[in-house]
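**Student:** Chain U: place on chain W using the hints.
Protein chains: 2
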Amino acid sequence: MTTIKCGEARRKGLFKGAKSLHSMDHSTEEAQTKEMDIRSLSSSHRHSQSERYIHKVGVPPKQNLFKEFRETLKETFFADDPLRPFKDQSRSQKFILGIQTIFPIFEWGRKYNLKKLRGDLIAGLTIAIYHIRDIDESPHFHIETILIVLLCWINRILDMQSLQTWIHNSSFVPPLIYAFMGSSRDIAIGPVAVVSLLLGTMLQNELDPINEKAQYQRLAFTATFFAGITQVTLGFFRLGFLIDFLSHAAIVGFMGGAAVTIALQQLKGFLGIKKFTKKSDIISVMHSVVASAHHGWNWQTIAIGASFLSFLLFAKFIGKKNKKFFWVPAIAPLISVILSTFFVYITRADKQGVQIVKNIKKGINPSSVNEIYFSGDYLLKGFRIGVVAGMIGLTEAIAIGRTFAAMKDYQLDGNKEMVALGAMNVVGSMTSCYVATGSFSRSAVNFMAGCETAVSNIVMSCVVFLTLEFITPLFKYTPNAILASIIINAVIGLIDIGAATLLWKIDKFDFVACMGAFFGVVFSSVEIGLLIAVSISFAKILLQVTRPRTAILGKVPRTTVYRNIQQYPEATKVPGVLIVRVDSAIYFSNSNYVKERILRWLEDEEEEVKAATYQPRIQFLIVEMSPVTDIDTSGIHALEGLHRSLEKREVQLILANPGPVVMDKLHASSFTSLIGEDNIFLTVADAVSSCAPKLVEEQP
Amino acid sequence: MTTIKCGEARRKGLFKGAKSLHSMDHSTEEAQTKEMDIRSLSSSHRHSQSERYIHKVGVPPKQNLFKEFRETLKETFFADDPLRPFKDQSRSQKFILGIQTIFPIFEWGRKYNLKKLRGDLIAGLTIAIYHIRDIDESPHFHIETILIVLLCWINRILDMQSLQTWIHNSSFVPPLIYAFMGSSRDIAIGPVAVVSLLLGTMLQNELDPINEKAQYQRLAFTATFFAGITQVTLGFFRLGFLIDFLSHAAIVGFMGGAAVTIALQQLKGFLGIKKFTKKSDIISVMHSVVASAHHGWNWQTIAIGASFLSFLLFAKFIGKKNKKFFWVPAIAPLISVILSTFFVYITRADKQGVQIVKNIKKGINPSSVNEIYFSGDYLLKGFRIGVVAGMIGLTEAIAIGRTFAAMKDYQLDGNKEMVALGAMNVVGSMTSCYVATGSFSRSAVNFMAGCETAVSNIVMSCVVFLTLEFITPLFKYTPNAILASIIINAVIGLIDIGAATLLWKIDKFDFVACMGAFFGVVFSSVEIGLLIAVSISFAKILLQVTRPRTAILGKVPRTTVYRNIQQYPEATKVPGVLIVRVDSAIYFSNSNYVKERILRWLEDEEEEVKAATYQPRIQFLIVEMSPVTDIDTSGIHALEGLHRSLEKREVQLILANPGPVVMDKLHASSFTSLIGEDNIFLTVADAVSSCAPKLVEEQP
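Chains as they are written, first to last, in UniProt numbering: chain W, 1 to 700; chain U, 1 to 700.
Check before you lean on any hint, since a few could be wrong.
In this list, chains with the same sequence are indistinguishable; a pair is considered to hold if it fits within one copy or across any two.
Claimed, not checked - In silico lysine-lysine, DSSO-like type, Cα no more than 30 Å apart, as pairs:
(1) 648 / 275
(2) 74 / 648
(3) 610 / 648
(4) 505 / 213
(5) 324 / 381
(6) 94 / 408
Derived from the structure by calculation, the hints contain no laboratory data.
Bound conformation, chain W alone (with noise of 0.2 Å):
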């Protein structure tokens, strides 16, 4: 496995008269420090010629096409093996493992006990408390609860009977259908903030939900049927990694942006403004909200608003400045709903045009199979929009999953986790549901809470049903600015300042493609803002590939490492040696740039060496290949390329460390025997010691 070359007098022809750079005696100090380190280099290496081996590169067995085919494929879409359990198990087992696969419910339910279901209890009756809190002081994953969801969508659609079919079904069939096949033990399913809003302000983009509300349901559930179907689409096929595509910079910069929109609707309710636009930019609703500036806003409105949210701002102050009063900031808006719900009530406030939420119907939900829209034009807008709202569901279902699967140190199966939420969006649509997902607050209260399995979340949907049944008719005469008030006072803790900063003085790329996000969103639609961030973040990736970096190497003192010069300024440069490291697989997209950079270096090596006395001419460019990760043609090219450049400089080109895969293509375009294989080198070091011998010394 190992050869013996060092010291070989290879090449005699093109570097005629090797004279050792040892037999220099004119030297200056500078000169002469340099000199010294490579003596002893080589003295070094001359001592220990007889046990020392330098260890040729290795090239990987030659892989089967179709083994190195199933291989990738599985690292692309079965990174996380799921097959594994199956493995050697007779028939039936395997049968059983299967129905456990989908739905884990027979699984853990085997082993559930008493122990486990007062755990599951009490998160579930905690989960279900906590709808009426407000305390989420999570940078990521924001205030979001049953009451902030219900007084938005009471806010947009106006109709308390829809309202309660909703919430009450997206609070109970989902989070159901979610502990048959979900495999989180931690996560709470149900309507969320963020989803909600989003879902709502695209459909309004379509719809007017009060002059066309069936249509605008029907839009809504079909919209839902998508998202499913889109999730479970994406889990079958294995297509999980795709949400990894929404950095987390462009999480941060749309749920900014989604939050400004949001506060911006409001100045409907907030202002009493009965004519607005249906829009979502921020210039469509200034120039709605100017416009109507003159007759269009009702004091009255604006004087309850605006206390209130005072009241509410106030109390989140109180709540932050000091922790023993954080139930301020948790109550608040109940109290704000109560009070002024009972002050319109006396004043009968609604008479001066005040608007209030009306309508309280009680009915059941009935089933919505036929609603869906399965033709037409609402069939594609629903479809867009699902797909998008399904989308964002699921990045934050996945996250919320991972983060508590962490904790408890037990592994999710995204794509597995993907099907169930897709699953239970797709049934969700049929029994009159919107897309509901996993709530970060709600699933770290049920973490705190002890829960033991999904169980809680089957607690707490009968739990909310039951509340909502109840709770909802004592609604009729809130006014809707209060409604706004509270709406606004939540979103605004979207805005993670910041989550922002940090990306900022982290990764100013990352910044950018956050802002984009938020102006996208804020300017024109959230498909835009979404678009924006995906592009930026692909740009840096492909900027990254086809202007990778490129550094010179030296030698850190008293090691045998060969480090960035710029990152340890005490690394020394190898006289007559210029080494190069480039940062990045070389593909057709950087082959010509890496290719002239690396000539770039030399030339301005050279110019310096040229200043310098004494200084040997650069005879041999080492590249160092380690974070060479792969190449194609186009980089073997440009290598040859590069080889018959330094030819004709008479500069030995030598390469360090390829790996496995670009020493596979060097071998089977023959580069290798081009440039000679003992031209390329396990470690930087080796290639500097056995060049060292051969410099040849030059008369300026």
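**Tutor:** Relative to chain W, chain U alone:
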């Protein structure tokens, strides 16, 4: 700069009862060897404590944001540092340099002398003569001579007059302009087969060259104009790197596809079909051919075509078989044309339905400024065709320029080159030329004949102009079938099966991109083919960034080097320590995958350890970060998640050799303080030698 931190007993809390591995006395054979490895490691470590420094991983000095931004911009758009010669010059000097930059003729013109003129004169005459030859075995840029182009265009336009105009001008005006503005000394400019045929194919998709001759020509000028504009724009905005996005693989496939498409188009002339499809895809063409089988084919035409095609193929075979007869395939087309023209003239076969060229007029070409569409439908079409043709033309010219510049060892400014090529085409479009670019075979001849400057282009254009003026009138009775035969014979050489095979051997993904381009062009259109190839190429890059390779490292015996154990089977793992290398920048698109992949490596390793006896459990996870060239906020979140998961398992996370950018970001996000500054090492060897004494022995 250096700190000593060997052998400290840090983290006593975490690893209680820290007995070193050395006290293990019940070892099996395998364990013994491994143990010895560690012992030697840590003993050498201990022995060298007094003299050995462990270097801290450097954090690069914090850069000014503006400076950083400028650097990135510079590397992206001004990678070649075009302003370097302007530095430290007086204002008048700068002006002269500026003029010389735009018109390099003023730079080299001043040093022009008789000796150079002689070289250029000979080279210019040689390329002109070469135009009637047909020998080019170059694997990438294939057979193309004025004759072929001429014949192609005859066959397409069927109008000698406009053809003559075009050839005249395309071989006359563009080389002249280029001589003033271009910076390559060796490139020979003129109409080129690939670009001409591409342009012709795309134009024919829009308009019929016979019935809509005037519009067809105008559209061609419009396309040429926009091709020029595209080239100037790309050069001016320094977007030259965009042409790198056409990978070598894509070009091979694209050329092959174009060859098949062109050959299929020739079936019209070859079979004497009168009604032929305007589309270029194989299905439409074959449909046309089959539909006209009963009455549309002309047997006399087929007889002439087939016999001369056999003759041409035989001549090619002779030329390949015996290098002495290289001139046989070179003159065969000319002989065919002369023979067949004479034959048709004698037998008056055109009366039997054999289509001939006809219509020969002489005349001087008019200005075509007014013919370019600057409005209407055709503006857009011309623009689209022009962009594609311009890009392909650029790709070819730049590749040629680079090749010869590398041979004579001078640098070529790709962006400046583009401006020159673009200007030449813009002027060309106004003087009745179509897209011209650099021709590989003619440039090679130019180079071999000893050209010195672009003056050889001027010489060539004059000679070609005169030759065509006197030879073309002889073509009146040439049958179309013979032209079809010549073209079919010529384009067969464009199908480079050897290159495709090499692609398959080196890189399967490149092969897929190549086939994508090929089938895209053959079954749909040129644009679709290009789109497919570019998409596949990018998918490859994204896949590499989404699913980066990871590898387990082991110690290469008798070194302190740690390498992939798959590539170096002799490398041995260090007991109790898992060393993983991540082979890519960690971005949002792969951060979750990287985290979970590392955890999966750990699980696999732990299982293996459990199975073996007397192996210490994994207590340290070293992540080798050398190939991790960048990290973003999602990546840092993933590392934090990894750290948390590892803490649960009582495994210490250690980073080895993070690069400057990564180090900077880890600092900014205070991840370094989370895992502890002293858990970041310069090399894997340092990390291992610091772990070894801290390993805890555990009884199974």
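**Student:** Now tell me, hint by hint, if it's right for this structure.
**Tutor:** Checked hints:
no. : hint      : result
1   : 648 / 275 : neither (77 Å within a copy, 57 Å between copies)
2   : 74 / 648  : between (45 Å within a copy, 28 Å between copies)
3   : 610 / 648 : within (18 Å within a copy, 58 Å between copies)
4   : 505 / 213 : neither (46 Å within a copy, 62 Å between copies)
5   : 324 / 381 : neither (48 Å within a copy, 70 Å between copies)
6   : 94 / 408  : within (27 Å within a copy, 68 Å between copies)
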